[in-house]
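Kindly generate the complete structure, drawing on both the sequences and the hints.
Number of protein chains: 2
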Amino acid sequence: MVIAQSGGPTMVINQSLIGAVTEAKKHGQIKKIYGSLHGIAGILAENFIDLRRETAATLEAVAQTPSSALGSVRRKPSPADCLAIFKVLQKYNVRYFFYIGGNDSAETTHIINEAARAENHDLRCFHIPKTIDNDLRENDHTPGFASGARFVASAFMGDNLDNRALPGVKVNIIMGRHAGFLTAASALARVYPDDGPHLIYLPERPFDEAQFARDVATVYKKYGRCVAAVSEGISDKNGNAIAAKLSKEVDSHGNVQLSGSGALGDLLAGVIKSSAKISRVRADTFGYLQRSFPGIASETDSREAREVGKLAVRHATSGKATSGSVTINRKPGKKYAPVYGLVALRKVSKETRHMPDKFIAKAGNDVTPAFITYARPLVGKLPVIGRFKGVPVKKAKG
Amino acid sequence: MVIAQSGGPTMVINQSLIGAVTEAKKHGQIKKIYGSLHGIAGILAENFIDLRRETAATLEAVAQTPSSALGSVRRKPSPADCLAIFKVLQKYNVRYFFYIGGNDSAETTHIINEAARAENHDLRCFHIPKTIDNDLRENDHTPGFASGARFVASAFMGDNLDNRALPGVKVNIIMGRHAGFLTAASALARVYPDDGPHLIYLPERPFDEAQFARDVATVYKKYGRCVAAVSEGISDKNGNAIAAKLSKEVDSHGNVQLSGSGALGDLLAGVIKSSAKISRVRADTFGYLQRSFPGIASETDSREAREVGKLAVRHATSGKATSGSVTINRKPGKKYAPVYGLVALRKVSKETRHMPDKFIAKAGNDVTPAFITYARPLVGKLPVIGRFKGVPVKKAKG
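Residue numbers (my numbering), protein chains in the order written: chain E, 1 to 398; chain Y, 1001 to 1398.
Check each hint, because a few of them may be wrong.
[To be verified] Keeping only pairs whose Cα atoms sit at most 25 angstroms apart, straight-line, the calculated BS3-like set for lysine-lysine is:
1. Y/Lys1395 <-> E/Lys25
2. Y/Lys1394 <-> E/Lys395
3. Y/Lys1394 <-> E/Lys25
4. Y/Lys1222 <-> Y/Lys1031
[To be verified] Computed footprint of chain Y on chain E, listed as stretches where at least three residues anywhere in the stretch have a Cβ under 8 angstroms from a Cβ of chain Y:
5. 3 to 9
6. 366 to 372
It is worth saying that the hints were derived from the structure and are not from the lab.
Positions of the beta carbon are idealized from the N, C-alpha and C atoms, including for glycine.
What follows is the structure in structure tokens.
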């Protein structure tokens, strides 16, 4: 078998890798366990490492380490790439291909699988889900999201306190190209009624700069401060991403670069400074830390990420399916429990899932309680935030 | 007594507050324990809360919560402010004033103390140290630094892995107006010999854009990637902060706004993109998360922050000193141990301490092993970073 990782890293993508590797060791039909470095680029370059040569201690340490231990890539295979890939896989007698990634990686797996069928290659292609964006179709949620959400919620808890200590307007830009789930997770930071984020802007609703300025002014008038969570993917009423106007870089899947720049935050801070008469306006862009910060992964997320890796190998070796993508849904009822499944690759590839309407407040600048109920069990327990009762001292005379 | 917090929040500034409050309860000469909201602004507005009315559980929860629970302020008192402050303090029969903050807050405490002497007011003024910048004179280190450093080191651990997975150039901007300690702490992220940050730029050395581009190109050639840590306070050879050219905001202590904008990072990413032929260049500005992220404070830092709060009250009530600033130094020898002291307010106010030369590598783009030895015991244990041994699979023939 060959396993590889693709697309943006997450805090738990290595759990899926190690889950697959430890499971593969249990199945006699898998003799060699090769890790391809940097996704399909590693296959094309015959750049494999032998994962059977790693100790159990190393496997465990890697599982708990964020980011893609095999390296990653953003590359959509051309028909010529597919032929080159098959040539390599035949040379190494590879019958199982596992690809851990988001919808673009599912598309890559699908393309390779279709080409394998057309060329009559004996290759089982399985996609293992991962994305902090939480935007894979056919899934209730995806591994990586809950840990990213945990970072975002924790960061907003601290940042809300910072803003409370030194009042002003604070705009924080959160990852999420088309889906607002990660930005929405900022709402989990609220503990006390006046806690931020006071406003949440998602890519699922058109963003209007004038309305944004009015919203901020309203909150500022009420609390003397305002914390806003804004998705990097916010778009105007014509569907054009605001950040895309500030960027020129596009990858082979057609995605414009949105992260790795503070330009959108600075633009929005400028909007507030010029429209409202508020002197202290700050913007932070949480950036890559949201997907790679070590030591704070969600326990549920870590466990589920491990499980989807294992399940992909079980499906592949069971003989019942020759390809597919492992899914996570949730058991109906009050107590959270995951339900794993397997769907056809084309069902999760390319297109993305958006925040359902029931999770978005009517005004388009917040989430609903239904979203909190959805996200809370995934993210787990957050840090305790203490606050003084704050009994005012009676004013003295004199 | 009145206690207040001032300047930028930290993850452990509430430990000092609660340390002082719990200690004050033990001293009979202190009848009332008032918290002034938003530093001296709260005194001027007679905006006090009664800290004796808080439960022990609340005090403990607040101690472990980041940011300034009493609110903060950046305000240098004028002579008229001092007179107004005394009027209020007399009205409430306040004889002890504790101010938790950095060098600007020490200056405020010093000004109030000098004015009190001149006006013959019976007021004991004590400064309790805090600053993530670690730039207070007379101290080996200051409460808040080690926890900020823990955030920065952890963030670089994850970001280095992210950059290893998807290679390119990554520039991260770190807080620290005049002192490079927090930026230097990024070096603690290194576990394996090729780990980033590969370059570290501090305000203590002149920053040259062309040299920066050459340094990055050299690292990129060697590793195929590069992670750079850059202080927000980097300045050109004439001592002008690069970020100050991009900003116009100045506070009453004369500090130009450097944080809360991604402009410097974007500028430096632009320098690399235009000079070197490297396509993937990203910049993140860690921003306010460095001083307020909950749940990851350093244990040593938390303990010492609590202790300096207690000691300030003990000094004030002992009768031996009528004013001063609590200091932390370190016992000579291999095993880390703090030594607490008390110095005159003027000795820590206004001017800042810089990174000593022995902590800065000769080339001016890295730290020395001496800095690591200095910082490691303060920051404590960091997350375990696993890595595959990575035994290459022998190339197949055919």
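A quick look at each hint next to the structure:
With a CA separation close to 22 angstroms, the supplied pair Y/Lys1395 and E/Lys25 stays within the 25 angstroms bound. Distance hint between Y/Lys1394 and E/Lys395 is unfulfilled; the C-alpha atoms sit about 81 angstroms from each other, more than 25 angstroms. Proximity of Y/Lys1394 to E/Lys25 is assessed by CA-CA distance (about 20 angstroms); at most 25 angstroms being required, the pair is judged to hold. Proposed proximity of Y/Lys1222 and Y/Lys1031 is contradicted: the alpha carbons are some 65 angstroms apart, above 25 angstroms.
By the rule of at least three residues with a Cβ nearer than 8 angstroms to a Cβ of chain Y, the coverage given for the stretch 3 to 9 of chain E holds, with 3 such residues. Coverage of the stretch 366 to 372 of chain E by chain Y is violated in this model, with 0 residues showing a Cβ closer than 8 angstroms to a Cβ of that chain against a need of three.
Violated hints, listed in ascending order, are 2, 4 and 6; each of the other numbered hints is respected by the structure.
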